[in-house]
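With the hints as constraints, model all of the structure from the sequences given.
Heads up: the protein sequence lines correspond to chains A and B, in order. Start counting the first sequence at 1; every next residue gets the next number (my numbering). Start counting the second sequence at 1001; every next residue gets the next number (my numbering).
One should not assume that every hint holds.
Sample of chain A residues with no beta-carbon within 10 Å of chain B, all distances over it, derived [to be verified]:
id : residue
1  : Phe30
2  : Tyr45
3  : Gln58
4  : Ala179
5  : Leu188
6  : Glu204
7  : Leu400
8  : Val418
9  : Leu466
In silico DSS-like pairs for lysine-lysine, Cα to Cα no more than 27 Å straight-line [stated by the list, open to error]:
id : chain 1 : residue 1 : chain 2 : residue 2
10 : A       : Lys161    : B       : Lys1352
11 : B       : Lys1149   : B       : Lys1429
12 : B       : Lys1429   : A       : Lys161
13 : B       : Lys1429   : B       : Lys1352
14 : A       : Lys161    : B       : Lys1359
15 : B       : Lys1429   : B       : Lys1359
16 : B       : Lys1034   : B       : Lys1149
Short, incomplete list of chain B residues facing chain A, as computed with Cβ under 7 Å [to be verified]:
id : residue
17 : Ala1046
18 : Val1378
19 : Pro1379
20 : Pro1380
21 : Thr1391
22 : Val1392
23 : Ala1413
24 : Leu1416
25 : Ala1420
26 : Arg1424
27 : Pro1464
28 : Gly1465
29 : Thr1468
30 : Asp1469
No wet-lab data here; the hints were simulated from the structure. Note that the coordinates shown come from a computational prediction; the quantities given were computed from them, not determined experimentally. Glycine included, C-beta positions come from ideal geometry on N, C-alpha and C.
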Amino acid sequence: MSIITILLALPLLGVLLIGISARRPGAAKFIALVASGLVLAGSVYLLGQFDPAASGYQFEQITPWFPAFCVSFAVGLDSLSLPLFMLTALLGFLVVVYSWNVTERAPFYFGLLLLLETGVLGVFSALDFFLFYIFWEVVLIPMFFLIGIWGGGRRSYASMKFLIYTHVASLVMVLAIGAMFFKAGDILGHYTFLIPEITGVFFEPGFQVLVFGALLFAFCVKLPVVPLHTWLPDAHVEAPTAASVLLAGVLLKMGGYGLIRVGYMIHPVAAGIYMPLIVVLALVSIVYGSYAAFTQDDLKKLIAYSSISHMGFVLLGLASQTEAGVLGAVYQMVAHGIISAALFMGCGVIQHNCGTRQISRLGGLYSRMPAAMTLLVLAFFASMGIPGFMGFMAEFSVMLGVYQRFGLLVLLVALGAVLAVGYYLWAFQRVAFGALPKDMQNVRDIHWFELVPMVVLLVLALYFGLQPDGMVEYMQGSVDMLLWDPIMD
Amino acid sequence: MNTITLDQLIPLLPELLLALAAMIVMLLPRRAGKAAWGIAAATLAAAAVMCAVLWGVDAELLGGAYRVDGFCVFAQVMLLSLGFINIIGSVDFTGTITRAKEYYALLLAAMLGLVLIPGATDYITLTIGFELASIATYTLPMVDPSNPKGREASLKYYLMGAFSSALIFYGLSLLYGFTGTLSIRGAAEVIALVGIHPALAAAFVLMLAGYGYKMALVPLHMWAADTYTGASAPTTGFISGVTQKGAFIVAMKIVLVTFGLGLSVASAILGLLCVITMTVGNVLALQQSDVKRMLAYSSVAHAGNILVGITVATGLAVAGSFLHIWAHALMTIGGFFVLRMVAQAKGGTEIKHFRGLAKEMPYTAAAFMLILFSYGGVPPLLGFWGKMLMTVAAVGRGGWYTALALLLVLNSALSLVYYARVIREMYAKPSEVAPVADMPRGFSWQGLAVWLAVGLLLVLGLFPGQLTDFAAMAVDALS
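What follows is the structure, given as structure tokens:
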């Protein structure tokens, strides 16, 4: 049995224990902390054992599960999925810490967080398309409950919208998977759902175009890409902070990961054919996301729109099909995972302590909560791409790739980055400085359990911004895999 | 060959047992409702086991009118086990009525008719079985005199049923007139030889329409919502979860054996019916504020789902149909028992009665949540696998079947909207209607039936391999 299987089972075991001890609601958070902490420790161990020089999957386990239908329980990690797996384990642990003072239906809440963690870890480590899809769907349910129960005023609407959008997208993905299953079966001579085997098959271009179109739709909803993004601001605004952190930090990455693993790696020809469309979508996302962020009065909605803009960089870097662009895209996924998590945590601190996130109702908070404001502005800096933070490395790399491939189109991308500086600084100025509203004279500063996760995230963002080689070494293998492209070369 | 010998009766022991039990239950004294329940449940369990033992047997019986093979055994075991789960929970209901023993006698008679269907090799035997099952079920909804809606439900079901029988007989007479045989396989051979005559197409449409009533395909579904809502939970579970599934077995025989392969237009008609049934059922279900009515319309939609597999008609697709028949029957039986428990505890099944249910009846709410997710096709519950197999098979067949797969998928997404709504009301909303003071708590037989159904949905969902293997072998035996 692979250690990945154990890591997938640990949160589920936690759910079980929480269920057994449901009569003592206070125990739930400790169980969740231990379970997610063990997952984090285990994944750090995985990182130590991982050989970045080797190609292919490591820690593999393939066990037949449903032989009549060629489905197996297959997990493994390669240089593309390992960073995302680590990111999930890290955020899964930090949100449990961050949620330390949640008391409303605590067992249910922490159980859902753990279930969500299993789902996302499963998506990133599944090597069987069927398993991949099942984990993909498993992710939806806890998030639906987290938004629907602990959310804000319009939680019913937001949770339902989230469920419908992402469910429709994943069902379209199923159709694509089904088509690949049969086509690959015809070509290989035996039917299989194993991702490595199907990745090795070369599909005819006409077929690729059809399937890649379906996949592009499915993953662009998740990423999200304008115009399929409308579920995201609603879901973020209504979701409790921990759910927002996971939503932005890892759930969006599922879209990017899927696009790379299933889209680009299996259908490179179609990816080349769709390139103009993808570039347009990415540019629209970057510019529209930044522009929309400018006009928001709700701090959380602002961050949500900035997420759309930042995920546009992922799409654009992939579309450029240059080494710098693809590396930037993969790096941006991890960078955005870490930075957006810090952003949403900072936003959550303001909401919990001040009772509102309306920028127009806030002001002068620096005098009352200096620690929180310092962390928030650092997160803003990281997100707007100040050199020294991860975000800069990623976005610069993408822009380099875009320049190599598309020339001056890079100016449009830069516009998005410039707008980001504008809306963040303007928002921070209105929140932190100016007159303190009367009802906020006595707000308290950040709690320890909110401080620790934010500090950890910002330190990581700074560390990998100054020392990108450490992570790039692990990602190089996946970039090489992606750049094999008969049309581009 | 054509003489009936005593040893030929051995494979027929399950059927004989059912007939015997029905008669014994009928002869019981009036107040022996509980004894009748025990006998009926034990009989179904014993018959299911006896059928299961016949797995692997391949024998023609009764002068070629009846055939025990993989398909027959699989379908019989399926119907008998579903009937068994349903009957286990029925005792809470029959404890409140005076005609309990008649209820069980009718159920057993209906089961006898149903288990004759999979084994029938000609349309005479098949019709005898189907009519026996139908006529016995017509009376079930009105067995509780205190339920005024039951009579309406019963009458509607009966009138529609009688009409559908007329259509079936007309179709059969056309089939006989043009092929000279009523043998299910023989007719197929004649059709393959002489080709399709317009009158045969008419026969197909008439038979499809007749059985379509029983399957509750749109536009022949009007009875379903009223009958399912009006009848009491165990009866609805039986009609929707067991009797209706018999009609799908018939449809498999008509479509896959007698007509399907020779008639491409038949496939198109079926495809259209699937799409209309799924879409109309889901749209109507979306608008309901009564959860019982919502489940009734969702049953209509699921009939369309099951038919997708029969339309696509590859081995994988029909196996998917079988899996979905299992899933839908379990969900319906469990779901309607949950509705009965909620109605007892809170006085109704409107959406408002479900608010805050997670706090008041945590176990029931959890079971219902799993059932609803399974309805919506969320993995890894059993409701997911059938749809999945059918979708993948449809994509694999290509052509316009891909569009059918897409519509199945979109309908599945649409259906999740109203299922998720109920789950949200149970878990995310505060209670609105207080439970009645004497709310039943602790063990109940209907609760056991619910958890049996949910347990099977979970276990078969986590380990679907064996069931799919059996289903695939059953389909092999058919073709």
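Structure-based check of all given hints:
1. Phe30: 22 Å, holds
2. Tyr45: For Tyr45 of chain A, whose nearest Cβ neighbour in chain B is about 28 Å away, the distance exceeds 10 Å, so it holds.
3. Gln58: Fine: 26 Å to the nearest Cβ keeps Gln58 of chain A off the interface.
4. Ala179: Violated, since 5 Å does not exceed 10 Å.
5. Leu188: 14 Å, holds
6. Glu204: Its Cβ never comes within 10 Å of chain B, the nearest being 14 Å, so this holds.
7. Leu400: It holds; Leu400 of chain A is separated from chain B by about 40 Å at its closest Cβ, greater than 10 Å.
8. Val418: 39 Å, holds
9. Leu466: About 43 Å separates Leu466 of chain A from the closest Cβ of chain B, which puts it past 10 Å; holds.
10. A:Lys161 / B:Lys1352: Given pair Lys161 of chain A, Lys1352 of chain B holds - Cα atoms ~21 Å apart, limit 27 Å.
11. B:Lys1149 / B:Lys1429: 31 Å, violated
12. B:Lys1429 / A:Lys161: 18 Å, holds
13. B:Lys1429 / B:Lys1352: 10 Å, holds
14. A:Lys161 / B:Lys1359: 25 Å, holds
15. B:Lys1429 / B:Lys1359: 10 Å, holds
16. B:Lys1034 / B:Lys1149: With a Cα-Cα distance of about 25 Å, the restraint between Lys1034 of chain B and Lys1149 of chain B holds, given a limit of 27 Å.
17. Ala1046: 29 Å, violated
18. Val1378: 6 Å, holds
19. Pro1379: Result: holds, 4 Å to nearest chain A Cβ.
20. Pro1380: 6 Å, holds
21. Thr1391: Holds, because the Cβ-Cβ distance from Thr1391 of chain B to chain A comes to roughly 6 Å (cut-off 7 Å).
22. Val1392: Val1392 of chain B check passes; min Cβ-Cβ to chain A is 4 Å, inside 7 Å.
23. Ala1413: Holds. Min distance 5 Å.
24. Leu1416: 6 Å, holds
25. Ala1420: 6 Å, holds
26. Arg1424: Where the cut-off is 7 Å and the nearest Cβ of chain A is about 5 Å from Arg1424 of chain B, the hint holds.
27. Pro1464: Constraint on Pro1464 of chain B satisfied, holds at 6 Å.
28. Gly1465: 4 Å, holds
29. Thr1468: Check passed: Cβ of Thr1468 of chain B comes within 4 Å of chain A, closer than 7 Å.
30. Asp1469: Since the shortest Cβ distance to chain A is 5 Å, the answer is holds.
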